[in-house]
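**Q** Construct the complete structure from the given sequences, taking the supplied hints into account.
Residues per chain are reported as follows:
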Amino acid sequence: MKKLAFLILLLAAFLGGVNAQGKQKELPPDAKSAQISIPGYCCKGLNATIENTLAYERGVISWTLDPEHKNVSVLYRSKKTNPDKIEKALSENGVRTEHYAANPRAIKDLPKCCQPAARGEEKGCTH
Amino acid sequence: MKNTIVQNLRTPSFLSMGVAVFLLLLPLTAGAQNDTTGLGKVRMLPQVRVRSHHERSFQKLSSVEQNEVITADGLKGLACCNLGESFENSASVDVGYSDAVSGSKQIQLLGLTGIYSQMMLENIPFLRGISAPYGLGYVPGQWLESISVSKGAGTVKNGYESITGTINLEYEKPHRGNRLTLNLYGNSDGKGELTAKTNFQLTDKLSTGFYLFGTHNFLRADHLPHESHGGHDGYMDFPLQTQLNLVNRWYYEGDNGFRSISLINYIHEDRLGGNMEFTKQMRGNDSLYGFGGNTGRLHFFTKNGLPLSEKMSLGTQLAASYTRQESFYGLNEYASHETDLYANVLLDAEVGIFSNVTGGASMRYSDIAEDLFSLPYLGAQPFRNDTLAWGTLTEVIPGLFGEYTFKLGTLFTTTVGLRYDYNSAFRRHLLTPRLHLRWEPVETFIIRASAGRGFRAANIVADNIGILASSRTIEVQGDIDIEESWNGGINFNKTFSLGDERKLRITADYYHTEFVSQLVADYDQDPNQVWFYNLQGRSFSDVVQIDFNMEPVRNFEITLAGKLNNVKSTYHGVLMDKPFTSKWRALLVLTYHTAFERWRFDLTTQLNGPQRLPLNVSQHNGYSSPYVYMLGQVTRKFKHTEVYLGVENITNYTQHHPIAGYDQPFTPHFDASVVYAPLMGRLFYLGLRYNMR
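These protein sequences, in sequence, are chains A and B.
According to my numbering, the first sequence is numbered sequentially starting from 1.
According to my numbering, the second sequence is numbered sequentially starting from 1.
Calculated directly from the structure, the hints in this document are not laboratory data.
A couple of the hints might just be wrong.
According to the in silico footprint, chain B covers these stretches of chain A (three or more CB under 8 Å from chain B) [said to hold, decoys possible]:
hint, region
1, 32–38
2, 55–69
3, 92–103
The C-beta atom is built at its ideal place from N, Cα and C for all residues, glycine as well.
**A** What follows is the structure in structure tokens.
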């Protein structure tokens, strides 16, 4: 039981470690920003998909999602990626963008209310 | 910046990673423990849940049955090579080995072996009869989309068999799954695994998927310490196993709402175990003890659903399977084959605003043929096929059922079901009533109750496959009747909000199962015999369980669960604890992940209580001692790949001398069926997953 208590203590220490290291780093010299329009945006049900895509996209530094105007501003490293690549990655995961249709297979994983909008159907968001 | 969401990417420092890895490896430094006092075996399971659609396990709160779902995401935190290893994070299901040589696993639900719960693949009953003993190994964990465990009597729609509950498996669906998924796994005992899944969207409506799973043990391992034989007992800790498992499935969705889903599955498996020096050529002679088995299985099902009107729909389920298996445990030879055909037609209609009615008819044909014999050996009596109550069991089971659901929004739901079946083998008319209630008096507080009757045709050898790994002779008294029981239970579920979408969920449940008729396996009359007879007296199970599930800090989850089992049966007139059932169990699951699950840490600790061991020839008698079993895993996720590293049995606790009479295997002193603790020591594994949408 002592061992267990020790384990929990260590885990707590580890959690503290993760939370403590949120210092803002200096931007790299090739940092650029771009606004990507996402007409397929429906509601916050889609946020997780957008964020999980951008989080794993090479060269993406940070982003700001503007649900009201259906766009996302992305800060990226121009040596590693470009807005077209980012847009493509979003569409692959089911997000309909200005230039790319959403991957039909990925649409089926989206929340129900977001699916018609992702397909580009007229009825749009159905929640 | 109003109404905007800003996200900054941060990479966790290597320092914190280091601490986490240390955390996982820490118990290793505690040194190996061994059960030298003599006793102890069981495994446990957790349940965890995570934010939004990344939940690992959740309770289906809207369901009228108590239903716990383990998702594919939850399984990713375990080294789940197959279904038998998928329940480590759930307190409801226990997993144990059936014996010390075959490596086959058995589950327990509500303190009773898995044969009393109904296993279903996409809502069609499967792994019945002779496929049950090794069946958990036929379901690759990587194919699973979800596992849902319902406790208590199930719905009448799927037959009369669910006594303690239902475990429904959902494989990946071709229209939703990734275009390509690969999983490579290897462990420190020389086991390798490959899973490949590919899905094609052929047209808008039609899609198909091909799934492959292969596993092979490249090394023989004997790590269990033994003082009298050069440090080890000379037996493989687990058998060499080679499995090839293939699935092709189809999905069709028509414009009119017609949906069809089909699957065809082929499995071939070879196992070889026993003495480290044993080879297949030594089968049938008494030089060295060996175990071997091979199984072939072909399984097909198709489900079709058609809406007849806005409020009415028609569904059909058709399934067919053929299984043949042949095995030997030393000089005991066991071969069997099974043909199973199943058809179920359901008509579902909404009546008025509050009611729903389902009715239907089913037909099952099941034919099992078994052949069991042993070569006469030193002092032990050979098995004779005619001592079994039957060499073949052919059942034709036509059935009719109806179910009525009354639903008052989310406040109150009740389901009343009744089915009638005729079983040709037992010449019995079987009436199965089932009742479910769900009441949500205040939001987030749910009370459920269920009650129902269940039946099952017992199978002497397949249900008790561990006997073959002992020198016990099988004695059968009288004609074996169909098993019959009543199950009732109640459960409470309360969810508290901890703010920021974090929750605390408390679940408490109590279930009672009472057998009217049961096939009793009595090991306690004579250590060299096992007696089978119809229950005379009481046999019951009482199980109380409490689960706490919480997310005290964002991305950090804790599951704490405890369970008390009181499972008793009457053996030659004496009411005794059912053997190999833990008196209690406790479970702690800790899960942490960093932003976007880049890093994920899972640590599971199971505390297993004492189990009664039946009278046997080894020095293990009475009750086993409690023990701890721990496992942990670190997962790193990239854009298309995931790498995972984990440890099983971190504390390295293993059973002391699991094989009694290891040095005289062909005498009455041999018994490898008394297994109550892990047989595999600490084990490291490394895996890689790749997926393409």
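**Q** Run every hint past the structure and note whether it holds.
**A** Results for each hint:
1. Check on the region 32–38 of chain A: 0 of its residues sit with their Cβ under 8 Å from a Cβ of chain B, so the three-residue criterion for coverage is violated.
2. Counting residues of the region 55–69 of chain A whose beta carbon lies closer than 8 Å to any beta carbon of chain B gives 13, which reaches the threshold of three, so the coverage claim holds.
3. Restraint check on the region 92–103 of chain A versus chain B: 3 residues with Cβ-Cβ distances below 8 Å, three needed, restraint holds.
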